[in-house]
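Each protein sequence line maps, in turn, to chains A and B.
Heads up, the first sequence is in this note's numbering, so the first residue is 1 and it goes up one at a time.
Heads up, the second sequence is in this note's numbering, so the first residue is 1 and it goes up one at a time.
Hint data in this document are derived by calculation from the structure and do not stem from the laboratory.
By construction, the Cβ of each residue, glycine as well, lies at the ideal position given by its N, Cα and C atoms.
Please note that a few of the clues may not be correct.
Under 8 Å between C-beta atoms, here's a sample of chain A residues computed to sit facing chain B [unchecked claim]:
1) Asp134
2) Leu135
3) Thr192
4) His315
5) Val376
6) Leu377
7) Gly378
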Amino acid sequence: MSRDWNAMAEEDFRAHLRAFIAELCPANLRHLRLRQPPTVTMPWYRALHAAGMIAPGWPAEFGGMALTPERHLVYIEEMEAAGTPWLHDSGVRNLGPAIIAFGTDAQKAEYLPKIAAGEQIWCQGYSEPGAGSDLASLRCAGRIEGDRITITGQKIWTTSAHHATHCFCLVRTAGDGPKQHGITFVLVDMATPGITVRPIRNLGGEDDFCEVFFDGATVGTDCILGAVDDGWKVARSLLGFERIWAGSPRRARRALDELEAMVRTAGLEDEGLWQDRLVQAEFDVLDGQDLYSRFADLVSVDGTIGTEVSALKIHATEAFQRISDWTLEAAGERGTRDDAPLPGQPAPAFTWFESRAPTIFSGANEIHRNILAQRVLGLGKRVAS
Amino acid sequence: MIPLDPDVSRMIADSVARHAAGQATADHLSSLQSQGWLHCALPEASGGLGFGVDAAALIAGGLARACQAEPVATCFMAARMLALVAPDSPPAADLASGRRLVALADGRVRVDGGRLAGTLTHMPLAEVYLVVADDALFAVSGGVEQGTRLDGMPLATLDLQHAEATRLSQGPQAAEALRQVRAEGRLVVAAELLAHAEVMLDITLDHMRTRQQFGQSLGHFQALQHKAADLYGAALLSRAVLDAAIARAAPGLAPDDLDRLACRAKARANDAAMAMARGAIQMFGALGITEEGPLAPHVRRVLALVPLLGTSAELRRAYARIGRVLKRNTSKDQAA
Numbered sequence: 001m002s003r004d005w006n007a008m009a010e011e012d013f014r015a016h017l018r019a020f021i022a023e024l025c026p027a028n029l030r031h032l033r034l035r036q037p038p039t040v041t042m043p044w045y046r047a048l049h050a051a052g053m054i055a056p057g058w059p060a061e062f063g064g065m066a067l068t069p070e071r072h073l074v075y076i077e078e079m080e081a082a083g084t085p086w087l088h089d090s091g092v093r094n095l096g097p098a099i100i101a102f103g104t105d106a107q108k109a110e111y112l113p114k115i116a117a118g119e120q121i122w123c124q125g126y127s128e129p130g131a132g133s134d135l136a137s138l139r140c141a142g143r144i145e146g147d148r149i150t151i152t153g154q155k156i157w158t159t160s161a162h163h164a165t166h167c168f169c170l171v172r173t174a175g176d177g178p179k180q181h182g183i184t185f186v187l188v189d190m191a192t193p194g195i196t197v198r199p200i201r202n203l204g205g206e207d208d209f210c211e212v213f214f215d216g217a218t219v220g221t222d223c224i225l226g227a228v229d230d231g232w233k234v235a236r237s238l239l240g241f242e243r244i245w246a247g248s249p250r251r252a253r254r255a256l257d258e259l260e261a262m263v264r265t266a267g268l269e270d271e272g273l274w275q276d277r278l279v280q281a282e283f284d285v286l287d288g289q290d291l292y293s294r295f296a297d298l299v300s301v302d303g304t305i306g307t308e309v310s311a312l313k314i315h316a317t318e319a320f321q322r323i324s325d326w327t328l329e330a331a332g333e334r335g336t337r338d339d340a341p342l343p344g345q346p347a348p349a350f351t352w353f354e355s356r357a358p359t360i361f362s363g364a365n366e367i368h369r370n371i372l373a374q375r376v377l378g379l380g381k382r383v384a385s
Numbered sequence: 001m002i003p004l005d006p007d008v009s010r011m012i013a014d015s016v017a018r019h020a021a022g023q024a025t026a027d028h029l030s031s032l033q034s035q036g037w038l039h040c041a042l043p044e045a046s047g048g049l050g051f052g053v054d055a056a057a058l059i060a061g062g063l064a065r066a067c068q069a070e071p072v073a074t075c076f077m078a079a080r081m082l083a084l085v086a087p088d089s090p091p092a093a094d095l096a097s098g099r100r101l102v103a104l105a106d107g108r109v110r111v112d113g114g115r116l117a118g119t120l121t122h123m124p125l126a127e128v129y130l131v132v133a134d135d136a137l138f139a140v141s142g143g144v145e146q147g148t149r150l151d152g153m154p155l156a157t158l159d160l161q162h163a164e165a166t167r168l169s170q171g172p173q174a175a176e177a178l179r180q181v182r183a184e185g186r187l188v189v190a191a192e193l194l195a196h197a198e199v200m201l202d203i204t205l206d207h208m209r210t211r212q213q214f215g216q217s218l219g220h221f222q223a224l225q226h227k228a229a230d231l232y233g234a235a236l237l238s239r240a241v242l243d244a245a246i247a248r249a250a251p252g253l254a255p256d257d258l259d260r261l262a263c264r265a266k267a268r269a270n271d272a273a274m275a276m277a278r279g280a281i282q283m284f285g286a287l288g289i290t291e292e293g294p295l296a297p298h299v300r301r302v303l304a305l306v307p308l309l310g311t312s313a314e315l316r317r318a319y320a321r322i323g324r325v326l327k328r329n330t331s332k333d334q335a336a
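This is chain B alone, in the form it adopts within the complex:
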């Protein structure tokens, strides 16, 4: 993958920021599609822009500031999967034309007597799902809406026994691509989480500067100043980690290294976003726990995104399985 050059990065960031600052349109999905933000990870020959994780993180992060990032991460993962193993397939054409919404369905799938088996739950609602099983990539349709996620997004269940499945690609590259796309997806979702954390921080700081109690602004109270400083520190740390991870991931990395970076960056973003949600609500007092309050959509979104592709504990477990890198005295010289 060729990383974005700084000018293109700035252009994407600017147009995403303009979009996020504008009025929410009735047809959110088609406005994202017309910008090319849902299929930009497809190769140019398939109608995309050949963009990678750095562009997707910019787009998702920028839109998240206005709680408009759905379904950027979902479509990025699908487009990336198709770009890697099935760029000329019908789902790639569907995604590029905006005809049908394509999502990557990540979960445990078996192949039983030549048919896919198992049930995938907590899926985003889409018309076509990409499923990896038994060294092959399949396109599956037939998701059923089943409930609503905390952030208001529909959740779907996919019963694979009874679904129509088409094989798009065969070979070990499907599983390898899934691993890569899952790691890149973690970085994109981390970008969203951190954007929510940063917006909540801004909203909270404004509140602290203006809200008066005991004859002065909340920002005068040292107990609250220290909480605000810690929230700021959490966001700053997560930003440093995520930006470094994306800069390293964009040109391509060995699978273990990419996984480690993505696990670490998403764990830190999870933690920063949760700390911010808790801290911001507390600073806002009763308004913090009001549905119509300014924090609510961000808080609900954070609670929905933290488990997506891994809670922090899950990510640390995955990291431990790959293996820690800072082993004791790894570079200890012989003379010692």
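This is chain A alone, in the form it adopts within the complex:
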């Protein structure tokens, strides 16, 4: 049933993906700029699942493609080039690897097939009004009684919570000791009574993130991933995967396409300044790809992600911002109309708005600089993270 995708010649693998996309991803889903609700994108998600292609990074035994890092990049590249839609796949990208690493056999059997099939859409309940960059100071409470855990508190900036069927969240189960201790990682069904979701509109005009209120929402303790009070360990491993993803060159690559299109639209393609910037942008993307491959290789060798990955996240997200700055500049007044972005068309202001978030989420880049300085370079006093 599962096939060895890595054994295929790269060209065959690309051809396979292209043919598959051409056949099963409808044209009206291509090159969309806004993330569409799951009702729109789920048919494509399910088509990928039916073909065993929804989880490129998971091991084959859990229904994944088990792609090598290089192959995984090819996969992303082909999906991006064809403009396939942005899926609600946090379960596949973030939670799945954490369940594979920390889950019980029962949890693996319960969640992984449903994540892969798209029966569960997951959001990540981490940030709180009082705990953003300082995530470990979170206060949303989990009270354990017998085999039940009851959650009371608030999460915010929760991406796609209004579309999610489930939320993996960090709750405080013990208040003494270091703040990283006493945090528990819980898998919560959003249909549980006592959960309210309110979307927040972002600068780009999208309802992409939300506030989530927990008012005594109770689930079984079999929904706890990893050990009680030791959820920070799970969260950290998951953050590593998230940072690798945030560090992938795909956003900067898309921004480069847009820069090139805008330079042409504005008639700037013969100017030395813009030719040079296009090459600088291409170097940023290709060099970022080399750095990404290096980290991805390390992960595939020993399964863990070093703290150095912060450097990858910083490069990828700031390259995206540099390039989108240039696109906005190349556009000039063309970039000032407040139109909804059209499929495949440059939308410089929208991209500029979009490029703000990645330097903030998955740990603000300033936090990553702290991590690199203190934990990788050994400067100043050590902080637990």
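Dock chain B against chain A, hints included.
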């Protein structure tokens, strides 16, 4: 070219590191020669080891950590040129025996009425220069020392009208080889630049951990921590790019692909080394701008090597001429 296997790589890296860690010898040149590091790119039949760009980058990078890499890149380029088009020529024998120093002279050369014409400046000082002109490779002698480079190395000028020139090889392969050797040379010089950047980073981090101000080490100040993190990131990025480029270049590549990789890798190494020079000096304060300070030889070397075979702006221009690879929607499928 057959890439080095990991064991040989490790052996080279170890012996280079031992050499760099040892006392600088009075006769630097002959100690490099006796190690075989100046002519290892010649074929075995010509007295070399048949090594390629990966070995040269290891040797140059390792020696650069102790500011001892001169003239590895220069001799590598000469040896590689000879290996490709004139392996049995007298300059190959000179290089192999260490009798005379041979360098590749890269620059605009004309052939005027059967004689070479033009003047090449900013050349390394050598006894024999290899010059490509008019589809031929020439050996030329007669360089004149003219000034000193920022890193203390002598600079030579070569007046081709009045120089003795011997034709070593004739045919289009000379120009093709020059293009390849220039690209490989960029990778070797990039390895040196990055080594200097990495050493400056190490020195700077040590300084930040030990130097006390306001009752704590410099490393406690977040403003400086963030600068250090950025310098670390620059070195890490350049390392990823260079290692990937050398791994791809070692087995051989199409000329355009090799050129693109070399331009990109050297541009990134240039930028990392310059960022490190600026950042390290600032972190060291007044000691950073002291001639006897620990950074000085690295900084001067970096300023000398960045323009060699291309500043970043020159490399980006060269890259644009070959053509960018990430063109919009290159792999867009028909159905879209």
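Hint-by-hint comparison with the structure:
Given the 8 Å rule on beta carbons, the hint for Asp134/A is violated: about 14 Å separates it from the nearest Cβ of chain B. Evaluation of the Leu135/A hint against chain B yields a violated restraint, the C-beta minimum of about 18 Å exceeding 8 Å. Residue-level restraint check for Thr192/A is violated (minimum Cβ-Cβ distance to chain B is 41 Å; threshold 8 Å). Annotation: His315/A was flagged as interfacial toward chain B, and the flag holds, the nearest CB pair being 6 Å apart, inside 8 Å.
Taking 8 Å as the C-beta contact cut-off toward chain B, the hint placing Val376/A at the interface holds, the least distance being around 7 Å. With 8 Å as the threshold, the beta carbon of Leu377/A comes within range of chain B, its nearest partner Cβ sitting at about 6 Å, so the hint holds. A cut of 8 Å between beta carbons decides the hint on Gly378/A: the least distance to chain B is about 7 Å, and the hint holds.
Of the numbered hints given earlier, the model fails hints 1, 2 and 3; all others are met.
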